[in-house]
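Construct the entire structure; sequences and hints are all you get.
What follows is the residue order along each chain.
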Amino acid sequence: MARVDIRGAGALLRWETAVTALLVIVFAGGAGLSPDFADSGNLSFALGDLSETALIALPMTLLVVCGQVDLSVASILGLCSALTGEFWNNGWAIESIVPVVLVVGLVCGLVNGLLVTKLGLPSLAVTIGTMTLYRGLAYVVLGTEAVAEFPERYTDLATSSIPGTFIPYPIALFAVLAVVTAVVLHATGVGRSLFAIGAQEEAAYFAGVRVKRIKLVLFAVSGLVAGFAGIVYTLRYGSARADNGLGLELTVIAAVLLGGVDFDGGKGTLGGVVAAVLLIGLLRNLLMLDDVSTEVQSIVTGVLLIVSVLTPRLIAVARTARDRRRGRPAPV
Amino acid sequence: MSAPPKSAPPTLALVNVSKAFGAVRALQDVTLELHPGEAHALAGENGAGKSTIVKTFAGVHRPDSGEVRVDGEPVVFAGPADAQRAGVAVIYQEPTLFPDLSVAENIFMGRQPRTGLGRIDRRAMHAATAELFTRLGVDLDPRRPARGLSIADQQVVEIAKAISRDARVLIMDEPTAALTGQEVARLFTVTRTLCEQGRAVLFISHRLEEIFALCRRVTTLRDGALVATEDVAGLTDDDLVRRMVGRDLDALYPKQDVTPGEVALKVSRLTREGAFTDVSFEVRRGEIVALAGLVGAGRSEVARAVFGVDRWDAGTVEVDGRTLPPGSPTAAMAAGIALVPEDRRQQGLVMDMSIERNMGLTQLRSLRRASRRGPLLSRRVERDRAADWAVRLQLKYARLSDAVGVLSGGNQQKVVLAKWLATEPAVLIVDEPTRGIDVGTKAEVHRLLSELAARDLAVLMISSDLPEVLGMADRVLVMHEGRLTADIARADATEETVMAAATGRPAERAA
Chain A
1 MARVDIRGAG
11 ALLRWETAVT
21 ALLVIVFAGG
31 AGLSPDFADS
41 GNLSFALGDL
51 SETALIALPM
61 TLLVVCGQVD
71 LSVASILGLC
81 SALTGEFWNN
91 GWAIESIVPV
101 VLVVGLVCGL
111 VNGLLVTKLG
121 LPSLAVTIGT
131 MTLYRGLAYV
141 VLGTEAVAEF
151 PERYTDLATS
161 SIPGTFIPYP
171 IALFAVLAVV
181 TAVVLHATGV
191 GRSLFAIGAQ
201 EEAAYFAGVR
211 VKRIKLVLFA
221 VSGLVAGFAG
231 IVYTLRYGSA
241 RADNGLGLEL
251 TVIAAVLLGG
261 VDFDGGKGTL
271 GGVVAAVLLI
281 GLLRNLLMLD
291 DVSTEVQSIV
301 TGVLLIVSVL
311 TPRLIAVART
321 ARDRRRGRPA
331 PV
Chain B
333 MSAPPKSAPP
343 TLALVNVSKA
353 FGAVRALQDV
363 TLELHPGEAH
373 ALAGENGAGK
383 STIVKTFAGV
393 HRPDSGEVRV
403 DGEPVVFAGP
413 ADAQRAGVAV
423 IYQEPTLFPD
433 LSVAENIFMG
443 RQPRTGLGRI
453 DRRAMHAATA
463 ELFTRLGVDL
473 DPRRPARGLS
483 IADQQVVEIA
493 KAISRDARVL
503 IMDEPTAALT
513 GQEVARLFTV
523 TRTLCEQGRA
533 VLFISHRLEE
543 IFALCRRVTT
553 LRDGALVATE
563 DVAGLTDDDL
573 VRRMVGRDLD
583 ALYPKQDVTP
593 GEVALKVSRL
603 TREGAFTDVS
613 FEVRRGEIVA
623 LAGLVGAGRS
633 EVARAVFGVD
643 RWDAGTVEVD
653 GRTLPPGSPT
663 AAMAAGIALV
673 PEDRRQQGLV
683 MDMSIERNMG
693 LTQLRSLRRA
703 SRRGPLLSRR
713 VERDRAADWA
723 VRLQLKYARL
733 SDAVGVLSGG
743 NQQKVVLAKW
753 LATEPAVLIV
763 DEPTRGIDVG
773 TKAEVHRLLS
783 ELAARDLAVL
793 MISSDLPEVL
803 GMADRVLVMH
813 EGRLTADIAR
823 ADATEETVMA
833 AATGRPAERA
843 A
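Here the protein sequences come in this chain order: A and B.
Read in order, the letters of the first sequence are residues 1 to 332 in my numbering.
Read in order, the letters of the second sequence are residues 333 to 843 in my numbering.
Among the clues, some could well be false.
Below, simulated EDC-like cross-link-like pairs (lysine to aspartate or glutamate); rule was C-alpha separation at most 20 Å, straight line [stated by the list, open to error]:
#1 B:Lys587 x B:Glu783
#2 A:Lys118 x B:Asp642
#3 B:Lys728 x B:Glu463
#4 A:Lys212 x B:Asp642
#5 A:Lys118 x B:Asp645
Using C-beta positions, here's what the derived DEER-type ranges look like [to be verified]:
#6 B:Ala730 x A:Asp291: 51 to 57 Å
#7 B:Arg394 x A:Val176: 53 to 59 Å
#8 A:Asp291 x B:Thr662: 22 to 28 Å
#9 B:Gly659 x A:Val309: 24 to 30 Å
#10 A:Gly120 x B:Met441: 28 to 34 Å
#11 A:Leu310 x B:Glu399: 35 to 41 Å
#12 A:Val300 x B:Ala730: 40 to 46 Å
#13 B:Glu399 x A:Val296: 45 to 51 Å
These are computed hints drawn from the structure, not numbers from a lab.
Glycine residues also receive a C-beta, built at the ideal position from the N, C-alpha and C atoms.
Here is the structure:
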């Protein structure tokens, strides 16, 4: 008998509240510790540094809720970055590069989706494969070369903030897309279907949910957004390289899990993920301001992830033990 | 059929046991004695306290008051391991074996015989397993992997495991729910053998005829309290139902007479390779057509194909004269087909989702239209509809936002029915609609099906429960090894005619 927590929704709510509270504490603590932290220039930088993670986390949330995962996103980002550089080298205009590169991202995502839906392979295995494949293609395109010298007109778009605020343009776009994604996930039939697929795929299929189509579209969107993130990354750093964004998929998945999305699918909220993305960004920024090495930074992220996955389980175990002492009914 | 010997103390007993979960009193002052060599039935509706008794015997629950006795001596089971050591084994409805290990390895898991070098002695293990099977009178290969065993065979493996551990009490919790008639017969033979060896058996089943066939005594529970423990001899079905339900039950098969209308579902020469061949039939509006046959005859496969979750290789399916494309549940739903699937837990419901959302899952499109706000769903309409259906089907629940998994089996089945009836189907296919459901709810489901048919719905009912088939169907279609072998009118349908067609024996064609 599957253990069903009657108060599951309440616990989930508490989890997001906890992440948000932690976010506030880190922010307040950071402002107290380091005078530079709350400076609008620094906040702008901290947010901007999150652009790709934040953007990719949106479709990743939908995928994980639906019981899937896409590990190839960082490689798609790298491939699209390399293509941007290569096309630029060949004298293409940015206006022509962007649509072509976006199509490549979309196709990469479609390939993932087709392998998962048509061949019925697990997405973890498929995207481990395509992760290597797409990264390899990125090196085929650009080798170990770096393409720089993109015009400021475009790099500015990726780095500067909306006038009068400290919010970089990519993060403003993220905010808009986050609202759209939240509505899709929590208020539409597609969102409802995602939760059903993640919780019990067969039952969703038997209820007429178009499981394969939904998965295919999700992977395609994931690829498209990763491709777009590749362009943002390239312009933000003013550098196109095949190894851009190496390992970024793990940061994204860390944020999604820290945000309270169940890796087994079927549970999670977008609000939690947004809070978790910001939390990771602020923590990194704080550690950076304190001149903590990148190794320690990644240790902190790793510990945070393990804690986030572990804590709900521990709470569940503690609750079961308490219920047993009080003699509450095991669900019949 | 004699009274148990008074001399020997009961092998296992509950004496004046009470158990409460919060405010719910699951057991009140229950005394139950299992004597050596007796098959003892435990009867009661869902929620009557049967599971609590099983779990108390199994060492999962401890009584709040009263005691558990083994051979007349009070014991305290600190956990399931204690109960196992005391010789108590529980055989569940759906055993959980290690699918990739052999049958013998499953039986001797953790206690494998060793060679002198400390390696597992497979030869000894296989021999011991073969000997166990001989004692049980079953024919199973100890070397074959557990994957692919039928549920009946899996249960036999569990029983063999229990015996190899010298279990003296076997508790069988609805073991027959998913078995065919022949498999039930074999299980009974095995059980009788166990009793002859002096073991005690506690047998739980919703099927009254099984209790009469197998057991010497029966204990009936209602709302956690003991109603009676008595000899089965001399009792009738009605007696037992009255003790379980606490009142006289309206007819278990309240079939209304109908005049069939237009053909709603027309299946022509449908074939899916390896599953069924050349199946043709019609279901008219107002009609309940039963699809009978042995498990594995291809009945569920036909239902799955008609509903589109499986593709078919040849043939056509028409609903109200319109041809359906193969392999599309969405198209089948749009045409007005609804399928209440066989496996409630995997296919019927999303267990972790709330009652209202489970009901809403089939109606996402209309909930979107109801909101009048683009792609957004109307949660208000979703809740209103769910509340409405909950009343109409007399669903017992605390809150509509509760996960559907906390409901009893019968109430879960009502949620499945609700989510499909809410789509206002023209054709309702129900696959084993009352499996594992208590007798009171079963009668309710039957009444509902009858009413739906009377309101012009075409109902196709797959059932392995022969009395249900005979009691509810206007016509009985019978399948045998993937082919339709008979189409029997209500008047001519008897156990004999249906079983003859189901087992492929030649029978005189019904006029």
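Evaluated hints:
For the hint linking Lys587 (chain B) to Glu783 (chain B), the alpha-carbon distance of about 8 Å falls within 20 Å, and the restraint holds. At most 20 Å may separate the alpha-carbon atoms for a hinted pair to count; Lys118 (chain A) and Asp642 (chain B) meet this at roughly 15 Å. Annotation: proposed proximity of Lys728 (chain B) to Glu463 (chain B) is violated, straight-line Cα distance about 48 Å (limit 20 Å). Only pairs whose Cα atoms come within 20 Å are accepted, and Lys212 (chain A) paired with Asp642 (chain B) is accepted, the gap being roughly 14 Å.
As the CA atoms of Lys118 (chain A) and Asp645 (chain B) are separated by approximately 19 Å, the hinted pair is consistent with the 20 Å bound. Ala730 (chain B) and Asp291 (chain A) have their C-beta atoms about 56 Å apart, which keeps the hinted 51 to 57 Å range intact. In this structure the hint that Arg394 (chain B) and Val176 (chain A) lie 53 to 59 Å apart at CB holds, the actual value being about 57 Å. Under the hint 22 to 28 Å, the C-beta atoms of Asp291 (chain A) and Thr662 (chain B), about 58 Å apart, miss the expected range.
Judged by the Cβ atoms, the range 24 to 30 Å given for Gly659 (chain B) and Val309 (chain A) is violated: they are separated by roughly 38 Å. Evaluation of the 28 to 34 Å hint for Gly120 (chain A) and Met441 (chain B) yields a pass: the beta carbon distance comes to about 31 Å. Range check, Leu310 (chain A) to Glu399 (chain B): Cβ separation about 40 Å, and the 35 to 41 Å hint holds. Roughly 43 Å separates the CB atoms of Val300 (chain A) and Ala730 (chain B), a value that falls within the hinted 40 to 46 Å.
Between Glu399 (chain B) and Val296 (chain A) the C-beta distance comes to about 59 Å, which lies outside the given range of 45 to 51 Å.
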